[in-house]
Amino acid sequence: MQVKHMFADFFLQTPKMLSGRGEYLHSGRAQHAGVHTLGSILVFVLMGAPVLFILITCVLEWIVHFNIDYCKARYSDSKKLTPQQAAFWRAAGTDQALHQLTYIAMAAAWLKYAT
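All residue numbers in the sequence shown are consecutive under numbering that gives the first Met the number 0, ending with 114.
In case anyone wonders, no lab produced these hints; they're calculated from the structure. Note that this is a predicted model, so its numbers are computed, not measured. One should not assume that every hint holds.
What the hints assert, rightly or not - Computed cross-link-like contacts, EDC-like style, restricted to lysine to aspartate or glutamate with a CA-CA straight-line distance of at most 20 Å:
| hint | residue 1 | residue 2 |
| --- | --- | --- |
| 1 | K79 | E22 |
| 2 | K3 | D76 |
| 3 | K78 | E22 |
| 4 | K111 | E22 |
| 5 | K79 | D94 |
| 6 | K78 | D94 |
Given the sequences, and given the hints that come with them, work out the whole structure.
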């Protein structure tokens, strides 16, 4: 999950995914969350997880990821944060921590329901 997250968040974002982040119904954010979801599907398939588990878990991941990113973007935009400000990095760090907590929850669900 960590490698998937690194690629989806830092290597596979397109300009469309990076623009308009403060707008809630933004297709770029939906695509970005979709890249994360596809990566998670691949991880769970490789782990031999049941199809229904993969479907439920990854739909929930898409919803959570989409909303975490929206909240960070909305907060950062409302405060007009730039990378030169400590608050920008606190927002980015909180965003990343929430994503990591999501992966812990997904791993716990896999251990409880899919093994």
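Comparing the hints with the structure gives:
With a C-alpha separation of about 15 Å, the suggested pairing of K79 with E22 holds against the 20 Å cut-off. Of the supplied pair hints, the one linking K3 and D76 is violated, its CA atoms being roughly 27 Å apart against a limit of 20 Å. A C-alpha spacing of about 15 Å is found between K78 and E22, which places the hinted pair at or below 20 Å, so the restraint holds. Pair hint K111 plus E22 does not hold up; C-alpha atoms about 36 Å apart against a cutoff of 20 Å.
Taking the CA atoms of K79 and D94, the gap is about 17 Å. The hint holds against a cut of 20 Å. For the hint pairing K78 with D94, the CA-to-CA distance comes to about 16 Å; that is within 20 Å, so the pair holds.
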